[in-house]
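K.L.:
Can you make the complete structure from the sequences, with help from the hints?
Keeping their order, the protein sequence lines are chains E and C.
Residue numbers for the first sequence follow this note's numbering, beginning at 1 and rising by one.
Residue numbers for the second sequence follow this note's numbering, beginning at 440 and rising by one.
Keep in mind that the hints were calculated from the coordinates and are not lab data.
Given the structure is predicted, the values throughout are model-derived calculations rather than measurements.
Chain C residues, not near chain E, derived (Cβ > 12 Å throughout):
id: 1; residue: Ile490
id: 2; residue: Ala504
id: 3; residue: Ala571
id: 4; residue: Gly587
id: 5; residue: Leu591
id: 6; residue: Ala595
id: 7; residue: His725
id: 8; residue: Ser729
Chain C is faced by these chain E residues, among others (derived, beta-carbon under 10 Å):
id: 9; residue: Ile107
id: 10; residue: Lys125
id: 11; residue: Ser126
id: 12; residue: Pro265
id: 13; residue: Arg290
Which bits of chain E does chain C cover? Going by a derived footprint, with three or more residues having C-beta under 8 Å, they are:
id: 14; region: 205-218
id: 15; region: 223-237
Beta carbons: idealized from backbone N, C-alpha and C, even for Gly.
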Amino acid sequence: MGEFWDLTIRFFSLADGNVRWVVAGAILLGASAGALGAFAYLQRRSLLGDALSHAALPGVGVAFLVVGYKSLPALLIGAAASGWLGALAVNAITKYSKIKQDAALGIVLTVFFGLGVVILTHIQKSGAGTQAGLDKFLFGQAAALGSGDVALLGSVAVILLTILVVGFRSFKLISFDSGFATSAGVPTGLLQFLLTTMIVAAVTIGLQAVGVVLMAALLITPAAAARQWTDRLSLMVLLSALFGALAGLLGAWVSFLAPRLPTGPWVVVIVSFIFLVSILFAPKRGIISRLRQHRHGRGKIVREHILKALYKLGEQDENWSGRYGISQIEQAWSFSHRELNAALRYLDRRDFIQRDNGSFMLTEDGVVEGARVLRRHRLWELYLTTYLDLPGDHVHRDADEFEHVMTPEMEAQLEELLDRPEYDPHHQAIPNIGREGTQ
Amino acid sequence: MSPDMWVLLTGILAAVACGVIGSFLVLRQNAMLGDAISHSVLPGLVIAFLITSSRGVVPMIVGAAVMGIATAYLTEVLDRTRNVYRDGALGIVFTFMFAVGVILIAIYADQIDLDQDCVLYGEIAYTPWDVAVVGGKSLGPRAVWILGGVLLANLAFIFSFYKQLKICSFDPAMARAVGLNERLWHYLLMTMVSLTVVAAFESVGAILVVAMLIVPGATAYLLTHRLSVMLVLSGVIGAASAIGGFFAASAIDASISGAMAVVSGLILAIVMITTILVRRISAKRHVRASRENETAPVQSM
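P.N.:
Printed below as a string of structure tokens:
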């Protein structure tokens, strides 16, 4: 344990020069890929990064053939050029044929990669020099990042982030409403082209550091995680960049603790974990919060049905101070046993009903609430029969659902539209208790 | 049969098997699934290796198949939460699984004789020497048997459930309306795809499999509106790519699988350009015809 803390402190103090480079590289790469990925994600082009990073292979082979030895700048330029051609091909295929985005990405990925394999095997078999390790170029080695690599990677990342910040409004426009953008005179095609070129640049610098697959992950996962937390693009891009940078930092830390473990895969595992936390726990969109909302909604419906049932029982007896057993409530609607009991306890706590030895009575508040639900039910029935000409025996189920979602404003409008009716289509009185403008 | 002919036959079987089932992926806009599976099987291979401590074919295929199916299912689950777009979901799942695979290999490096590309990229050129032997008699390359079996299984699946697959692929709402369990059919199809991919990988390599799942189907999609015709065409185009790639590879002395993928891309490019030109020419002819005959209403175009 002591060693763990020693290493961790040494890592985060950035005392080690090599650590500084790796951390800087991982953070910058994560941030720029994360930010760019947010746009790709919203345009549903998440897998573009995956396709382009495979499409870089033939460029690597051709660059090697041209230069004759493994020169990093040449290989990078080759990779970028063929990745970029791949992006153009994807656009051309979706624009000029009915083939969809996903198939276009798959076509470019496999055909380009196949071409790359052909070129590399051809080089190998014709003995045109030592090509060993060319294919490894695509698989990445973050731990081996030197200061020169990081300087290159970092400056590209900074340029990309700057362009994103400066052109944010334009990129936002083409991400959400390219039709409107075009008609407003925004050069949509040019901006899209710029965005694609920036993704190619990010993929190219990332390839060498983290490899094909992990680069694809950096373009997708932070963006999908960020999407869970916000509906605003600016915040989403910011969060996505943060998640990418955080994953980069923590990934570098893990492989510093255990040098045998490669950085890239850890970055992906960490960013996947961030995604998992986001999709589960994010407020509003998160799965848990949505389940809770769903249960809450269901609970409200159950409670309103109980109040309505008790109110209707009172209506039959012409007074609301009677006590009714649970079996009489149960007949009113398809309650499950558990939710019925939970709702009764809730209503008792909030003083809408009084519970006594398994029998229930509405309180004054309960009567008002029950009347309100039943009024909405009957108003809606009346509306459906009057304005939609539905037969009277067809409207009950619809009203049973709609009574719970009707807002007070809608209720008031219905009252006005139907001219403050007294009876519903079945000649039952529409309850007056608590009605606006009546006592 | 000469080794070359065996290689060619293996390639054709792989291309046709992947082409027909891949047509459904193209129709359902799920074409990247093959690529995703080709990466996400890695942890399955590692775990199978760790459990059996061998590189036996059966445990490898089982491990890979489990992960392949898991990829399709996990993506579907994520997609159905509606919290993520489908393509994003697929990308998240397969990159995560691949990363776990690479980490497992790094952790057990001293026990594992696996390399992240060697297992994934089977080499079609070696298939003739890996023969199936039953009762001391050689029955030809194992890959031919495996791929032949996969092809038959796919054809049997499509023939038996043609109607269901068709309705579910074109009109999921209609499928539900006529009482089909659309989700069940989706999962069955994904399972067939996963098994095809995994079985074919092991013999001919990922690149050929992933290419043949997408490219012939997409080419056929350009040529017809009918599913039955599309399936036949994708098989024919797959076979043509395999044959063309085989001869191209021997001409320039390069990877056979890679060349097959490139040829399928060339066929697609030719078909695409031709259909665009034909459309342009016929549009022009219509314009000219309507100009010459002024009484013809424009709508008759």
